[in-house]
Amino acid sequence: MKKNNLNIHNLITYGIVVAAFLFVSILVWTGNASRHLQAMLVPIGLNIILAVSLNLIVGFLGELTLGHAGFMSVGAYAGCLFAIKYAEILPTAVRFPLAMIIGGLVACVFGIIIGVPVLRLKGDYLAIVTLAFGEIIRSIIINLEFTGGASGLKGTPQNSNFYIVFVVIMITLVVITNLVNSRAGRAICSIRDNRIAAESLGINITYYKLLAFVIAAFFAGVAGVIYGHNLSILQASVFDYNRSIEILVIVVLGGMGSIRGSVIAAVIITALPEMLRSLADYRMLIYAVVLIAMMLLNGSQKFDKYKGRMNIGGLFTLLKNKKSAKEAG
Amino acid sequence: MAMLRVENLEVFYGVIRAIKGVSFEVNEGEVIALIGANGAGKTTILHTITGLIQPHAGKIEFEGHDLVKTPAYKIVQMGMAHVPEGRRIFQQLTVLENLRLGAFTRKSNSEIQASLKRVYRSFPRLEERKNQVAGTLSGGEQQMLAMGRALMSDPKIILMDEPSKGISPLIVMEIFNMIREISSGGTTVLLVEQNAKKALEISNRAYVLETGKIALEGNAEELMNNENVKKAYLGE
Amino acid sequence: MSFISNLINGLSLGSMYALIALGYTMVYGIAKMLNFAHGDVIMVGAFTMFTAAATLKFSPAISIIAGIIVCTLLGVIIEKIAYKPLRKASPLTVLITAIGVSYFLQSLALLIFGSNQKSFPMLFNFEPIRVNEDLILKSDSLMTMGVTILIMVALTLFINKTKTGRAMLAVSEDKGAAELMGVNVNKTISITFAIGSSLAAVAGLFFGLTYGFIGPYTGAMPGIKAFVAAVLGGIGNIPGAMLGGILLGVIENLSKAYISTELSDAIVFAVLIIVLLVKPTGLMGKKINEKV
Amino acid sequence: GGNGDADKNTLVIGGIGPLTGDYSTYGVSVKQGAQIAVDEINAAGGVNAIKFELKFEDDETDATKAVNAYNTLMDDGMKVSLGAVTSGACIAVTEEAKKDGILLLTPSGSQKECTQYDNCFRICFTDPQQGTVSADYIADNLTAKKIAIIYDKSNDYSVGITDKFVAEAAVKGLEIVAKQAFTSGTSTDFSAQLQQVKDTGAELVFLPIYAKEAAFILKQAKTAGIAVPFFGCDGLDGILEKLGTDNQALANGVMLLTPFAADADDTKTKNFVKVYGEKYNGQVPDQFAADGYDAIYTIKAAIEKAGINDINAADFNTKIIDAMTQVTVEGLTGTMVWDESGDASKDAKAVKITDGTYVAI
Amino acid sequence: MALLEIKNLGISFGGLHAVDNFNASVEKGCLYGLIGPNGAGKTTVFNMVTGVYKPTCGTIHLDGKNLTGKNSIQINKQGIARTFQNIRLFSNMSVLDNVKLGLQNQIKYSVAQGIFHSRSYKRKEKEMDEKAISILKVFGLENEYNYLASNLPYGKQRKLEIARALATTPKLLLLDEPAAGMNPNETGELMDTIRFVRDEFDMTILLIEHDMKLVAGICERISVLNFGTELASGKTEQVLNDPRVITAYLGE
Ligand SMILES: Nc1ncnc2c1ncn2[C@@H]1O[C@H](COP(=O)(O)OP(=O)(O)OP(=O)(O)O)[C@@H](O)[C@H]1O
Ligand SMILES: Nc1ncnc2c1ncn2[C@@H]1O[C@H](COP(=O)(O)OP(=O)(O)OP(=O)(O)O)[C@@H](O)[C@H]1O
Ligand SMILES: [Mg+2]
Ligand SMILES: [Mg+2]
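Line order of the protein sequences matches chains A, B, C, D and E.
For the first sequence, the numbering used here assigns the number 1 to the initial residue and increments by one for each residue that follows.
For the second sequence, the numbering used here assigns the number 330 to the initial residue and increments by one for each residue that follows.
For the third sequence, the numbering used here assigns the number 566 to the initial residue and increments by one for each residue that follows.
For the fourth sequence, the numbering used here assigns the number 858 to the initial residue and increments by one for each residue that follows.
For the fifth sequence, the numbering used here assigns the number 1219 to the initial residue and increments by one for each residue that follows.
Hints were generated in silico from the structure; no laboratory data involved.
Don't take each hint at face value.
What the hints assert, rightly or not - Here are some chain D residues pointing at chain C (derived, C-beta under 8 Å):
(1) Ala-906
(2) Glu-910
(3) Thr-1040
(4) Ala-1081
We treat Cβ as the ideally placed atom computed from N, Cα and C, and that holds for glycine.
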């Protein structure tokens, strides 16, 4: 019975994404999608991938990191450098997926490097160290010759499109949800809930922490490669800590540990500033106000009653609680 | 007039109705026991009285003042102390600092010193460990500290949530003696206990709580001889 | 000689970081939240003093007081509106809200003052002290250093010796238990923010005086650097913030002078990582043993 | 959709640049300068019965957001794009403009790739041009031989000029005694860099950076007791305004190689500075504003040259793009003509700041 | 030879000798009690046996294997499981998942099999579910398997913690004050459960408890700690009647 619930829950998440994809596709095919909307699809998709993977670290493992953009950047540079080198030699159908895998794997290596301090540090100390790692990576990229330095890396074929992003989103969702619902995922969650108890059960904390970092880094790296293939220029400056924070905002808004929440929040947070363009000068001000308001609705007890409506992840816990309350009598 | 009066108290945790219309009274100078199984709602009631939780409905009066809308810190200033469940001592502060904080609402230094002496007399272990960081005390030591800290405010009424939990037998006796002493010193006591036998021995009256409702009430002796109580709470 | 100059330059940069880190760490230590908007309160303080002195032509003393008052109020108001409702929410929710507040203050300043940087009025006139041809002591830096030390001592005394200070310690550990001791938790946190924000105003003043120019984003980078400094010293620890700030400044300047200006940021961050790997709670942070 | 405007024969010109964030001053300047030109042209009845409308979108200096902005503008009926203010964003936008085949004329995108396609042109100098010209000027006209450079390693403009400058300096026999970097946005303290300048005994400091950071450097240089002259490129324009009236003395002796100087004597500049100040409460336009202004007049010139009088004509794009290589524009930033590469050829003026005014040298 | 052999065990925290020269040997299948005043060092002994603290001196052997200085994870794998004085459940996870985490090292499949939900994932998960439910049944928790652990009432949380420890199929089970906070009735129930676990799973159990009724009722042997050193040890009745134990610990 429980397994069924879980499967249905996951299927709903997949269903939402597929339905949204079909809806947008129809808009595009019928010529009803504005260019602005079409241009936003890839960035939205990227944020979904990034948020879902970051959720593995923040929501499930329970560690705060501010360096997700760092993983994204090493993935992007690795994948794009590969793609530029083989632009003429390999056909897109081979080159692009290969670039994604290379980007993902290189990010994994960095995931391990960054994972090591994770084993010793907690909370805000870890946050600052991951932030520092991200900034170090960025600083080094800017100072290297072959990355194009400050002027950026040019010449990556522009192969990204909405359809590819959709496929990668689905893969990310399936992998992360399946992982979370497996033996390894349970171990990862147990570290979040009570590290000492997990140790007492013989759960290898080191291994699972690194695993979470490596898997999250992989998808961030893949997202980076797609990013690099979406624009004709790749600049290190976009991967600063503000970018990491943006992804973190999505995860928190969507509800920590809620994959579906991350997906929906990614759409909201990416689209919101674009939607506010018509406000011209007041755009960022309103964005800030909306962000604060959303967090207050999300976290304030005063709004507990309405919580489900704002926090997508919360909606489902609320329903679940109601149900178990009923069951309990 | 009752010193503390609770009327038709209703408390919810989200959608869960934890307290379902509880009423009781504590008169000045009494020791009142509140007993009940795990999860009956004893802790919830204490938390609501001292203002850490807002009730859904009902009245709480302390010496004629309405406590429902009164913030917790003001309630303490009115002379109510609470030894909370799980002790809630300040883990990173030393034993002495914890005790000092207990006297936060008091002004006179000499009175505070006197209280400190009294606490040390009751719990010599605390004096031995006065400069130890409280978080590393053993479970029992932490419990002593929590009680000592509450006494530091020289309260009119003290609410205790399972003070004997995790305490070795000898000290349990001491703690109950302490409660007697506190009571004979004029402080009113509202005692929540799993150890019903000991609690009833030292209290004037008692209330039995079952899943958020008062199931039984009466004076302690009566309850001790009540067949249901014997079976359910005294383990006889 | 040039080494001494570089060292002195590092110390003056470090004392600026330390000054900002003090306010940061104070709020963190007591309210247990990373107030990402702290840097932007610095900016507001600087702009208030700018407006008072340059636009409204008030005297320097009044301008400075105005800056401090505005920041103190702002700190308290931000706390009331944005953080207080989130007392029981997860720390991450509060962190994101703080980021939102930071964006808000920046955008507001951009709307009011425009994107162009403003030249900060010289509220005092400092002449650098020339020891000799090569060695120049910047008097504004000396002031910063002095004020920072003063504030550090005052804060330490305040927290350890006063009743409010003790209340703060209690609140920092367990708000519920503090309330049971009769501590007014809301008031205590308000005071914490008031103090933290008034320190931000002081930091804004010295930032303006030292560097001369302010803009809507002036606070962002010092905010991050102060965060780093606070963590380096052991976050929540007041002397630690001072030490962290000074070290950060010195390391930054020496690595610029002797290793590479290109990679100085990376070097600073690498030092931070190494320090934390050796001492996971920062240089002066208490190691908290979790009793099992 | 803004198609309603198009029907009225109004040419929608789309600008993109940072209006918020650390680099917002550049976006704002371009926007304001361009707006003045649009207002002037419309007030004069437009061009061949065509009215101009400027729509300007924020990109926060981010390439993705620039592309989003570009597409928003396309939805709003944009027919000519001002590309983007910063190079990285502009390069990303060139791809889109190429697909759409519209004219892209960036006021300030200085990297080479900003004009990589046939439909892309620019107003400002390219980075390599400035680096070479600066080195030549210093070697040919000044006595300083030992040069220190302070540049912004995170900024492509600054890095681009620096690289060319270093290369040309070697050719011309200048000695680079110090090459000091910083990161814009994160740097306010330049004491280490200046100490280095002092220690190496440089005779001139080359500042291929923007005025915003230069203001900090000049102020700190004075405290550090550095008395050698500073030499900058077009990014340094606006330094007086950035320094503010209190600090104008700091700029004394600063030389810069710029196509635009707000203090120039010609009536065009004077008029522009006046209108700009009136419209934007006393601000003094910088080179970005001038580039924006010139971009609009260049579009006007191209329309006139091509003889377009209906912006909805099918061959609008090809005609206006073709016209770009034929026009000569007398702008605020000099007299410009364009070749196939899309780069404007114009002269740089060397000016020296003396007592708060630019003096040609 | 005894299952658990503790020799000369000692630890100090900054000058404080929390445990000093402690010896005990627990025979296989025995229900062994560890009692003593608050702060005597009982929990500290548990912490050293389970690798949370590293002893300053002494040795710990389980089934002849030296465990001294090993970490918690290794020690659990060698066959020691425990509960904690202050309950440590995975509070945001379901009751079932809590027990399944105990089975983590018993029923295994690879990360990749988990990600791809392979056949063996399905089979092993099913096996885990069944095993976990069967353990929950022992404690009467099978109907609450889907609850969040934190939503269980206190007494059931205590039981769940024992169930979770049992799931790691230990040779030795350490219980730290399992009856704390329970009323006499619940304690009675718990005593039955502990006995049942010992008999059914052929378990050796070492427990800390202040409830003398429980100690006297189920422990076969006990050791008494006082100020970190051993005060007495031996058969339960003997020790509980030892006058030294009465003055130091029991009172009366
Ligand atoms: N924070 C909370 N959120 C949700 N439910 C809660 C919370 N605290 C307590 N409850 C529920 O309210 C009911 C009463 O709990 P309470 O802690 O008051 O019981 P108690 O009588 O003190 O029990 P114990 O003897 O275990 O301390 C229980 O069913 C408990 O599960
Ligand atoms: N990490 C630590 N740092 C410092 N002192 C400690 C630490 N852990 C335990 N102690 C001290 O060691 C002594 C023994 O503590 P322990 O927790 O083992 O007692 P206990 O016998 O379990 O008591 P209780 O029955 O009250 O739980 C206590 O005095 C305690 O203060
Ligand atoms: Mg309770
Ligand atoms: Mg113990």
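Do the hints match the structure? See the list:
1. Ala-906: 36 Å, violated
2. Glu-910: With Cβ-Cβ at 23 Å, over 8 Å, it is violated.
3. Thr-1040: 6 Å, holds
4. Ala-1081: Cβ of Ala-1081 of chain D sits 6 Å from chain C, so the hint holds.
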